[in-house]
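**Q** According to the working numbering, the sequence shown holds residues 162 to 526 in order.
Hints were generated in silico from the structure; no laboratory data involved.
Wrong hints could be hidden among the right ones.
[Stated by the list, open to error] Computed spacing ranges between beta-carbons, pair by pair:
id, residue 1, residue 2, range
1, Leu307, Arg509, 47 to 57 Å
2, Ala272, Trp362, 42 to 52 Å
3, Ala272, Glu245, 28 to 38 Å
4, Asn432, Val191, 27 to 37 Å
5, Gly179, Ala333, 39 to 49 Å
6, Ala334, Gly179, 37 to 47 Å
7, Ala373, Gly428, 37 to 47 Å
The beta-carbon is built from N, C-alpha and C at its ideal position, and this holds for glycine as well.
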Amino acid sequence: MLPYILKRLMLMIPTLFGIVLIAFVIVQFVPGGPVERMIAELQGHGGDATTRFSGGGGGETLGAMSQSTGQGSNYRGAQGLDPEFIAELEAMYGFDKPAYIRFWDMVKSYARFDLGESYYRDIGVMDLVLEKMPVSISLGLWSTLLIYLISIPLGIKKAVRDGSAFDFWTSAAVFTGYAIPSFMFAILLIVVFAGGTYFDWFPLRGLHSDGADQMGFVDYWLDYAWHLVLPVTAMVISGFASLTLLTKNSFLDEIGKQYVVTARAKGLEENQVLYGHVFRNAMLIVIAGFPAAFISIFFTGSLLIEVIFSLDGLGLLGYESIINRDYPVVLGTLYIYALIGLVVTLIRDVVYSMVDPRISFEGQS
């Protein structure tokens with residue numbers, strides 16, 4: 162297993178390189194980059210924006226930068242601006258270098274986990290990611306844990322009682338949860354439980370109350386859990402449906418096999434059959450889907466939840482960075498997402514062999 166793990170770790174390098182390369186190429190063709198954004202800001206806000214760009218020194222104004230040079234510009238809205246000023250903007254954002262040089266510099270920095278600095282936040286991308294990470298960890302970790310704790314036992318129960326009234330009514334609940342998006346559940350929970358119309362039991366924003374730092378250890382974590390109840394509930398309700406059905410169908414497929422009939426004929430109790438024999442084989446397909454489910458819940462699935470509950474996490478950061486064309490943050494967070502996804506996929510394969518010793522990756526090494 163160790164040679165296989167080392168091989169997979171080595172393969173992560175070209176995979177990450179390819180992902181970053183594709184993202185970098187796509188970014189080059191996105192209209193309305195940071196230079197155009199700054200030009201529009203300067204023209205729209207006059208001296209204040211210009212003073213911020215020039216560091217407040219010299220009293221330089223946009224009018225002093227604007228010259229009728231008669232030369233064209235590659236940037237929308239830049240007609241009439243001094244080409245030297247445009248060149249200064251390009252240098253400030255690093256666009257004075259050819260694309261291949263910028264990409265190579267970025268790759269060398271990423272190899273040292275130096276993700277650069279945000280264009281607009283005056284902070285390093287890695288520091289920004291670490292700052293937002295606790296919110297996404299809170300949502301992703303607790304949501305994933307609860308989804309698996311609910312879905313797997315429920316799926317097993319539905320498989321054992323397939324066709325019963327219990328199976329019918331739980332299927333109705335599962336399909337309802339699957340059909341309604343998580344943000345709709347979030348709005349419903351706010352209306353009912355967060356002072357919208359009926360009850361005012363839970364807070365509406367943030368992970369902690371004001372002054373939480375002054376609370377004792379127990380009160381601090383109870384306050385944390387209190388703030389997470391509604392957002393995590395919204396994510397769990399809409400996220401457990403597919404895993405429940407996957408678990409049920411996997412168990413139904415295994416229950417009909419000959420080894421189960423043989424185990425029952427030997428007089429084993431039903432729980433021994435289900436959890437001693439069927440469970441290990443049926444869980445393989447559930448484990449196979451874990452990386453995709455984890456990444457979806459941990460990052461992309463929490464975007465609207467973060468917005469609705471005013472939780473400043475990675476999902477909201479990525480969305481705002483794309484809208485603002487903050488390319489270092491966009492590419493840096495993508496790099497982190499891709500790296501985590503590859504590591505989780507490797508962990509899945511290791512867990513595969515632990516769950517079922519018949520599976521071995523040694524031959525692939």
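**Q** With respect to the beta-carbon atoms only, verify the hint that alanine 373 and glycine 428 lie 37 to 47 Å apart.
**A** violated, 57 Å
**Q** Between the beta carbons of asparagine 432 and valine 191, is the distance compatible with 27 to 37 Å?
**A** Between asparagine 432 and valine 191, where Cβ atoms are some 56 Å apart, the hint is violated.
**Q** Taking the Cβ atom of alanine 272 and the Cβ atom of tryptophan 362, is their distance within the range 42 to 52 Å?
**A** holds, 49 Å
**Q** Taking the Cβ atom of alanine 334 and the Cβ atom of glycine 179, is their distance within the range 37 to 47 Å?
**A** At roughly 42 Å between Cβ atoms, glycine 179 and alanine 334 fall inside 37 to 47 Å, so the hint holds.
**Q** Falls inside 39 to 49 Å, the C-beta gap from glycine 179 to alanine 333?
**A** holds, 44 Å
**Q** Taking the CB of leucine 307 and the CB of arginine 509, does the distance hold inside 47 to 57 Å?
**A** Since leucine 307 and arginine 509 have Cβ atoms about 20 Å apart, the given range 47 to 57 Å is violated.
**Q** With 28 to 38 Å as the target window, see if alanine 272 and glutamate 245 comply at their CB atoms.
**A** Because 35 Å falls inside the window, the suggested range holds.
Hints 1, 4, 7 from the earlier list are contradicted by this structure; the remaining hints agree with it.
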